[in-house]
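Protein chains: 2
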Amino acid sequence: MNGALSLLQTLVNGGIDTCFTNPGTSEMHFVAAVDQVPQLRTILCLFEGVCTGAADGYARMTGNPAATLLHLGPGLGNGFANLHNARRAHSPLVNIVGDHATYHLQYDAPLTSDIVSVAKPVSAWIRSCRTAADVPVAAAAAIVAARRTPGHIATLILPGDCAWNESAAPATQFSVPAPPTVDEAAIQRTAALLRNGKQSVFCVGGPAATEAGMRLAARICQTTGARLVAQRASARMKLGANTPIVERVPYAVTQALKLLENAEQMILVGAPEPVAFFAYPNMPSRMSPPDALLHPFATAEQDVIGALDALAEEVGAGHEVGPVHERVCPDLPTGELTSEKIWQALARLLPEESVIADESITASWGSAKWMGGAHAHDWLPVMGGSIGQGIPVATGAAVACPGRKVVNTQADGSAMYTLQGLWTQAREELDVVTILFSNRAYAILQGELQRVGADEQSRKAQEMLDLSNPTIQWTALARGMGVEASRATTAEELSDQLAAALHNRGPHLIEAVL
Amino acid sequence: MNGALSLLQTLVNGGIDTCFTNPGTSEMHFVAAVDQVPQLRTILCLFEGVCTGAADGYARMTGNPAATLLHLGPGLGNGFANLHNARRAHSPLVNIVGDHATYHLQYDAPLTSDIVSVAKPVSAWIRSCRTAADVPVAAAAAIVAARRTPGHIATLILPGDCAWNESAAPATQFSVPAPPTVDEAAIQRTAALLRNGKQSVFCVGGPAATEAGMRLAARICQTTGARLVAQRASARMKLGANTPIVERVPYAVTQALKLLENAEQMILVGAPEPVAFFAYPNMPSRMSPPDALLHPFATAEQDVIGALDALAEEVGAGHEVGPVHERVCPDLPTGELTSEKIWQALARLLPEESVIADESITASWGSAKWMGGAHAHDWLPVMGGSIGQGIPVATGAAVACPGRKVVNTQADGSAMYTLQGLWTQAREELDVVTILFSNRAYAILQGELQRVGADEQSRKAQEMLDLSNPTIQWTALARGMGVEASRATTAEELSDQLAAALHNRGPHLIEAVL
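Protein chains in written order, with the working numbering: chain A, 7 to 520; chain B, 7 to 520.
FYI, nobody ran anything at the bench for these hints, they're computed from the structure. Check each hint, because a few of them may be wrong.
Remember, identical chains collapse to one label, so a pair may be satisfied in a single copy or spanning two.
Taking lysine to any residue and the SDA-like style, the derived pairs with C-alpha atoms no more than 25 angstroms apart in a straight line are [what the hints assert, rightly or not]:
1. Lys244 to Glu172
2. Lys466 to His301
3. Lys264 to Ala174
4. Lys244 to Glu332
5. Lys466 to Gln194
6. Lys466 to Gly409
7. Lys264 to His301
8. Lys244 to Pro116
9. Lys466 to Gln42
10. Lys126 to Gln112
11. Lys244 to Val122
12. Lys126 to Tyr113
13. Lys126 to Leu46
14. Lys264 to Asp114
15. Lys244 to Arg154
16. Lys244 to Glu346
17. Lys466 to Asn19
18. Lys126 to Thr108
19. Lys244 to Gly203
20. Lys466 to Glu435
21. Lys466 to Leu46
22. Lys126 to Ala174
23. Lys466 to Glu326
24. Lys126 to Glu172
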């Protein structure tokens, strides 16, 4: 068999059953081989940022890597932003990047570029195959690298001749090392800290902020009196009814500083200490008090759940997780449409076991008030701060969870970066409801601009943050890509349309005009 | 003044009057300063690939760099593919990439990444400012680097504190070195080759394929009997009536080999020898005969026009350029709509002094038959092979040439990568007519798939190249972004709509259903 077929079979042997593809000529042998590997589902995306964002969403919901198929350096470049987000989410992911045949590279044909240099900032593992015989071994190593705790991005560069030449048999061995455990001494030290009478913040993020991690952390805090705080965002959080009530570090620096101002010691679990999203003149970068003790208990690379389990035992934690959110079923909102009312309607209507891919940006700040009372749901926020992931992540989550409703709460400015994902939702008949918060602005930047002292005379500056000229017609864009769409200008319309969209199956976009 | 304002003023002092922007928080001081620098036009794009592609189009039409404003590593990543194309076009361009404040980088906030690594494959010059005082000096160096012959990409990384802290006065000195000249001995050697009686191919590309270069080359060939051949593509070609008739190296390898099979010596002017766009099993990478003499006469980095001028004098070239295209005004096509008939209609209707941004891919192969007879026009093809540049390049060309009609001949699959550029065309009321060749397929890949031996049983493979499920409604997408649109299903409809769109001003998209 050729290298392409051996690669595909190795992917399947290594547990990868989904590939988000945007192929070109250099990947044509890969494309030609897919029909011989029925276990691999290939999903076409019309832009590479959709492939990489979808693979991120898929990985967050399954814990398994998906593959992407990308076309040389520029294809990887187009996928870079959502790979950056996926890296920050610790999502396992295997990129297959086609390249020119090894002997052709020297001629510097138009598409030649330094693929490794583009891959490096987002990849924990990179290898360029030298021969077709290399391919299965390299692919197996990529899968192992991707699966290492807590999940990594592996980028396998596949020159054309390595795909088309005769290769070796597909790999069948994939020894993923277990994550290092947190040793007994560290568990005892941490337990001692929690008992020393000081104001402790038990700060969870990443793998510690998953449903299992959060319940363990809540039990520990319930017993020790430590304050449970979650990082601003983690890749997959369980929110809504019956989940522990947890404070999250706010995005705004002053609010974050306020939240943590009394902390004497910060126990860090699954993520480093909270820092400002951006620096501002005369504001600190670190959100914890300067004299607080920072105590990294378990990093994301370690067995975080095991460590929390051991710590819970060490401190003699009971089964109580403390206060949890109760199911609150608010009335459907009426009157003028606001972003808060959208959350209100969603809190009432969201089906059980839904998944929310959230990229509502400024609008998300009002979500917590309502969504704690919604049915329990998985919440997938933007992890790397690069906008344009909401539609792709929702796409990947829907591929991963065919039985569950996926809701994409989506800001309009961010949606424009990767709107092509709607087409894939239509093609694959994915069960995604997109709620488009249409405020016709980069609203978060309008606040930032005010903060740096620009005034109303700043016409050119204001224009750079204004999306109202011309107004984007989101229903037209969605329908143009085969997705049903509707437009809500009042809270009543929003409620009606949302109820219908959540009841039906298949993709639907609601433009909520704010 | 702060670093941001000193930067803006330095850009203007260095002759940069246009900036294609997609800002974020780390660029907010830049944004806040733009109203103090009225000479700089800022143009908002809703995706960074539009910024970089527009800057490419702008540079090709003016010879001057535009600036882009991009948001950290992921913003640069989103702009990477069209920077790759711009690099291959030798377009001068200055990227301003915002970054975290220098002291904030150590905290690895979510948007932190290795910006230099992403910039490297596309940038001839990269610098990250260390202090605000650095900024004007660094910006001046970036402009000089961008302007060096034949045009380069300079990437200036601007940490937040370098933008907001007190800076030095704007730079006013910009000494761009003149390109090295081709020496007298090389001119004489080349002249001697052209007289030695062997079959010479005079192969022009890049700066030698501009209007001035092509006329000089045609005069030299007319006198010496060498065969004039142009590279497959050059950044800006003058085509149509009264331009010399020149053979171009075809994309298809077998055709390219056939064109050059009798060459005994290849005189290379402005570009390296022609090579295959992609490698294929059992096909050569080089398009010239293995035993042909390769003679690089002038590289793109040298004074190519000066060298051609000197060579013309050395060989005693007359003023005759040989056969030129005559203006041919074909009948308007009728009946079933085909891509060839679109070119036929365009050849008849194209106004004088138009600019064509071409990304019609497979459809472009039929253009030469008709477009030679059109009014003379500038032709801007895809240089780096990365699709998704047509809409942005047309956007930038229209910004550069407000008095000229810009026509974007655009394949549908490629258009999807950067469709957001239509919104900028609407906002800036740019005079661009997009002819969307809607064949609902990655047609070029369908041919490649056949070539690698996939058959009609290859359902999954075929699906990966098929855009018909669901069918994209391009009129909806265009209107959704504020661009007038129409749909043509017959040659008559196409002709009518094209005539009207070319007559009116402002952006219009015609979906030509093939």
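Unmet hints by their number, sorted upward, for this structure: 1, 2, 3, 5, 11, 13, 19, 22, 23 and 24
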